[in-house]
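Enquirer: Start from chain A and add chains B, C and D according to the hints.
In case you want the letters, here they are:
4 protein chains.
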Amino acid sequence: MTGSTFGKHFRITTFGESHGPAVGVVIDGVRPGIPISIRPIQKELDRRRPGQSRVTTARKEEDKVQILSGVLEGRTTGTPICMIVWNKDQRPEDYKAIIDVFRPGHAGYVYLAKYGIADFRGGGRSSGRETVARVAAGAFAKILLAKRGIRITGHTLEAGGVRAVRFLRGQIEKNNLRCADPEAAKRMERGILRAQKRGDSVGGIVEVIVENPPVALGDPVFDKLDADLAKALMSIGTVKGVEIGAGFAVARLRGSQNNDSLYYDRRKKRFRTRTNNAGGIVGGISNGEDIVIRMAVKPPSSIALKQRSVTRSGKSVDLEIRGRHDPCICPRVVPVAEAMVALVLIDHIEQQARVKKSVGMLRSYTR
Amino acid sequence: MTGSTFGKHFRITTFGESHGPAVGVVIDGVRPGIPISIRPIQKELDRRRPGQSRVTTARKEEDKVQILSGVLEGRTTGTPICMIVWNKDQRPEDYKAIIDVFRPGHAGYVYLAKYGIADFRGGGRSSGRETVARVAAGAFAKILLAKRGIRITGHTLEAGGVRAVRFLRGQIEKNNLRCADPEAAKRMERGILRAQKRGDSVGGIVEVIVENPPVALGDPVFDKLDADLAKALMSIGTVKGVEIGAGFAVARLRGSQNNDSLYYDRRKKRFRTRTNNAGGIVGGISNGEDIVIRMAVKPPSSIALKQRSVTRSGKSVDLEIRGRHDPCICPRVVPVAEAMVALVLIDHIEQQARVKKSVGMLRSYTR
Amino acid sequence: MTGSTFGKHFRITTFGESHGPAVGVVIDGVRPGIPISIRPIQKELDRRRPGQSRVTTARKEEDKVQILSGVLEGRTTGTPICMIVWNKDQRPEDYKAIIDVFRPGHAGYVYLAKYGIADFRGGGRSSGRETVARVAAGAFAKILLAKRGIRITGHTLEAGGVRAVRFLRGQIEKNNLRCADPEAAKRMERGILRAQKRGDSVGGIVEVIVENPPVALGDPVFDKLDADLAKALMSIGTVKGVEIGAGFAVARLRGSQNNDSLYYDRRKKRFRTRTNNAGGIVGGISNGEDIVIRMAVKPPSSIALKQRSVTRSGKSVDLEIRGRHDPCICPRVVPVAEAMVALVLIDHIEQQARVKKSVGMLRSYTR
Amino acid sequence: MTGSTFGKHFRITTFGESHGPAVGVVIDGVRPGIPISIRPIQKELDRRRPGQSRVTTARKEEDKVQILSGVLEGRTTGTPICMIVWNKDQRPEDYKAIIDVFRPGHAGYVYLAKYGIADFRGGGRSSGRETVARVAAGAFAKILLAKRGIRITGHTLEAGGVRAVRFLRGQIEKNNLRCADPEAAKRMERGILRAQKRGDSVGGIVEVIVENPPVALGDPVFDKLDADLAKALMSIGTVKGVEIGAGFAVARLRGSQNNDSLYYDRRKKRFRTRTNNAGGIVGGISNGEDIVIRMAVKPPSSIALKQRSVTRSGKSVDLEIRGRHDPCICPRVVPVAEAMVALVLIDHIEQQARVKKSVGMLRSYTR
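Chains as they are written, first to last, in our numbering: chain A, 1 to 367; chain B, 1001 to 1367; chain C, 2001 to 2367; chain D, 3001 to 3367.
One should not assume that every hint holds.
[Stated by the list, open to error] The calculated lysine to aspartate or glutamate pairs, modelled on DMTMM-like cross-linking and capped at a C-alpha distance of 25 Å, are:
no., chain 1, residue 1, chain 2, residue 2
1, D, 3043, D, 3062
2, C, 2197, C, 2318
3, C, 2269, D, 3100
4, B, 1088, B, 1062
5, D, 3306, C, 2265
6, A, 147, A, 73
7, D, 3315, C, 2290
8, A, 268, B, 1100
9, B, 1306, A, 260
10, D, 3197, C, 2260
[As the list claims (entries may be wrong)] Label-pair restraints from in silico Cβ distances:
no., chain 1, residue 1, chain 2, residue 2, range
11, C, 2318, A, 268, 25 to 31 Å
12, D, 3315, B, 1074, 24 to 30 Å
13, D, 3167, A, 37, 50 to 56 Å
14, B, 1053, D, 3100, 49 to 55 Å
15, C, 2316, D, 3038, 49 to 55 Å
16, C, 2257, D, 3165, 21 to 27 Å
17, B, 1315, D, 3169, 54 to 60 Å
18, C, 2265, D, 3199, 23 to 29 Å
Hint data in this document are derived by calculation from the structure and do not stem from the laboratory. Here a beta-carbon is modelled for each residue, glycine too, at the ideal position from N, C-alpha and C.
Isolated chain A, as found in the complex:
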């Protein structure tokens, strides 16, 4: 019951239900003196926001973020930063109609089993709305990473069975899918709208790439960088699988194919690999190559098609879910996934700050 905190050094604690007064986050561990403005944070929230395009839900949530603490005259003070977003577009009546019937794929019945109580208001804490807090905190982390030259890019690699075959970064934010292949994006969109028309939804794959990551992030043996990334991404409600680098493809590779051969890059002054099957992480530690991570995104559970379900009292019924729902959640998962990756990276950077310094001090220790 204390699962709302994430991170050790850059530590976030989130709160808020989908239809309560507000959602928000407290970030502890932010260094002092960092100039911070609300704009880039708001921009990330806008990327997550529903109602962006015709492939996302039509719900309107303005999601204006407000900073309650930790910032003085445009700079962080080193004290906890609380950000909140008031919930506005609450239409519990959409849900009250079906309050008594569990929705397949939703967590209502397991929440009931766990808590002896289930929030009828659209999912409560199990709703995707909690990701507002992740994105706000992640936006903060991304600002810090950008200052270090680290770039995090998420995109929809696959949706409804259509896979992107090109990677044109500049295209990502130009189509409704956040897909780096504009041709594929069009086909994805058509497929999604077709599914939506039938009252159905589609799944997909989201990929996040970290360019210019620091070398040496990740802590053996349990807090490996890839282990923490896997947890971070799997904690997103809609994700059912996570893979790094070659991922599940390694099952069919031989060692001689999968091993990334090593060389020394004199310009970058570090060891590098010629291929990147490892996805930038070896032995749980970043090696400086791009970190490449993909996640399986399930088709949204709220669909208009008639489904077989059950009432709280155990009676089998047919269910038709009304309301405004996403036919494919991938484009909105992109900023959430970027946020989670950013949070893991900044946390490990903070952790590593100590070690790095230590390595620099080896000489003084050893004399």
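Expert: Relative to chain A, chains B, C and D alone:
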């Protein structure tokens, strides 16, 4: 640098390098009064042990476990349990020859970057030998789970491109692959020996199934049960991907296909699903169906084939690795994966113990 | 920099500066289904509030608490509870005048050393205003404890050299000192007003008594109940010493005097002690006797008397602090100390819930 | 039940019972490359060891420490360091005689209540023997602190009612009391032997002084340096009170007396205070002055004098404890208290390493 601890309530801390005096684990949070013998723990270690069969390394490690604390007259006392395994078969000379050359796929160069020091003795802490500690602790957890009727079964689902098509539980421990399909096992073995002959290695997929799991394990929002399982499994050095239930296949399913329809099971007195695409976890919380989780296991990096690599001083060289190495690590990953799943489950069971009681107490609170 | 979180199972995270927009707290780990109203929480905040009487500061802060999450239709839902109090009575001009001079006894110069930044607005995070969040969370904890029949009572045992010699519980809230001895209270108050007139302040001792505590709280070896209580109370800005039971007096006792002799109480069905020098805690574990804990409260540092101090640029100056300050903080420390004790107790009760159940299960395990 | 871990960044986990096979500690978070030898660690253990002098117990424990991991060729590797001490002088028969009777002042009956089991072997985990692990880890921390010029000195300030009035550091290790005042030491010793002859024991006060501590250690608001020190020291079984600087004396001081006036020390290039009532910690953060902390040490509970007690079955009996026990534990608490202070300091130094660097980076951030 504090990544050697895992779990909140049933918390393990591991120590030891591949070629130091010993590896071991301290378990804190074990309930008092539990009868415990060394035999089932030793048995799990024997399943992990090298030299079991011709598809694993020929290294001999006896791996006799010794309990140093926390047990009195055959019962746990509630105090920390320390178990150690002394390292015996140390042949650093195997490694000293190549001490100066980084091995592709190994963590030597990132450890050097991280710590300013690299243990030349066969990987040190990055060696698979640290999993001895995981298996010893996991064996303990499995004993506790078995008392609750929870069964954890790992098996090799795929190796070298051969996939099992049948699941005959009784067969798993009867072949060298720990594969539930004896026909597939034979073909896997042939493929592995062929690759080994060529000086190469093969990857695969290991699956773990949890039967009869408790309902309601998992903590929203970050400590979801699947998030913690993903971290646990991805922290195994050789794993590059983790998926739950339908996993990456959800990307190509529609909502109407992926949603598991609900009904009430009057005999079991709980809500159940007709299919199990969710893999036993909904909204991060166990729903009582079998938990099904798979992981991508990379082909072992230590191969005899000549590889292109680099020395510590940055010189490019050809490398041929001698020594005794596994051509396919899947059969030895099975007990490690089972151990990690067991550790996550027992930790969440301990966490949930409080909540469950609480739900039972709702009545008294509400009056 | 991540010191704003307290507790393991009933875990609070606080935020907010004295003169920022708001102060608040997120509580994670609250059980679901508990009826909760704002009134008892507001009542505790009113006890902490400045401007209560002539022995406290004349600043007026209404401190109206607002619940943002975790409560649905008057009951907890098991999700994080966020409570905030907006800051209203901000008069930074009182502080701006002295922005450049460090105030003796205040943390300005060490915050500057730590963060490279110092909040000029009346102490920022080092201000006593952060205790609003503690009291709000503690009020919550007290409600839960009261349901279990556990009563927590704080009182001013000593102030300005006057010590209470009687303990009349009913008197505590009837005088400005929160002293259980009305005669002593009068003399304390006279002494305080005298000191205030001279531009000075006085220290004191606050005691907290826990009646009817559960047996067996506290975790060997580092998380002993008294260790956690000591940390909780010493973390209050104004506290310079903590003692349990006989406390520092044990230094002059012999073993034969200090040992509490044991007997079995047939009515209460538990072992009891005839004396309570241990203060209810033996070996770090509660024994069921009253928990008695005292803390040394320093005289407030903000005094009107001219003091020798230094500017940021290192120049020695005379300083006269204006503004509205407490001549003795003891009466306002009382609710804060109660809150911290309540938070420690509920956290250990949640922890122990598991163990207790476990002990009850010993039989089933051992068969 | 997971209270055997201490620290966040320099984190220790201890294990072992008084009469089990071994006691030990795992330290995680030690920087790599630090030269380390067993000698200074052994030396600290020898200071803690029983049988040192006629004012301590006559039990003989050699307490030879052995390092199992984390050190390679005389240097730390950055991986967890496990140290164990085998238990040798086990005489359970001393205890078996009284197995059925609870000893006043001992934790037997509360352990029984907590765990449903009580280790009859001389206290098990509640025995002072667990401090072997603290001292071994603390010795390690002291080595690291010494490299930074930080000196930690513990001494017996008071015993059996005799208080030291001089502080001659060089004398501390020259008398049986570890008292800095040789005259007082003699009187203390006489008092102790007198009490012992009567079958009784005496209490005292131990003080620890940290010279040349870093400025800016300590994390607002809960993880204040003094809060963590208070917890660390109160977690020692025999300690019943902790105070910092002026401590409980502040209750009788006025603000004008207690405030330490500030000046700028041009040689040391930092702000200093003319007096040190704060004991080196302001607002929970170290200000660079000596850290001064005292703890109340209770008279040992194991005394030969006949005491009134109770059997497990609830029968009142007279008890005479045989065996070899300390008449005054202060001299043996000294190294334990130093160890705990060292562990807190190194942990906060590791934490602060990040912030400090951050403050140094303010400029780069702000441009």
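Enquirer: If a hint holds in the structure, say so; if it does not, say that too.
Expert: So, going through the hints one by one against the coordinates:
1. D/3043 x D/3062: holds, 11 Å
2. C/2197 x C/2318: holds, 20 Å
3. C/2269 x D/3100: This hinted pair holds, its Cα atoms lying about 18 Å apart.
4. B/1088 x B/1062: holds, 8 Å
5. D/3306 x C/2265: holds, 21 Å
6. A/147 x A/73: holds, 20 Å
7. D/3315 x C/2290: holds, 23 Å
8. A/268 x B/1100: holds, 21 Å
9. B/1306 x A/260: Since the Cα atoms of residue 1306 of chain B and residue 260 of chain A sit roughly 13 Å apart, the hinted pair holds (cutoff 25 Å).
10. D/3197 x C/2260: holds, 21 Å
11. C/2318 x A/268: 25 to 31 Å: violated, 58 Å
12. D/3315 x B/1074: 24 to 30 Å: holds, 29 Å
13. D/3167 x A/37: 50 to 56 Å: About 55 Å separates the Cβ atoms of residue 3167 of chain D and residue 37 of chain A, which means 50 to 56 Å holds.
14. B/1053 x D/3100: 49 to 55 Å: With a Cβ separation near 54 Å, residue 1053 of chain B and residue 3100 of chain D satisfy 49 to 55 Å, so the hint holds.
15. C/2316 x D/3038: 49 to 55 Å: holds, 51 Å
16. C/2257 x D/3165: 21 to 27 Å: holds, 25 Å
17. B/1315 x D/3169: 54 to 60 Å: This hint holds: roughly 55 Å between Cβ atoms.
18. C/2265 x D/3199: 23 to 29 Å: holds, 28 Å
When held up to the earlier numbered hints, the structure conflicts with hint 11 and nothing else.
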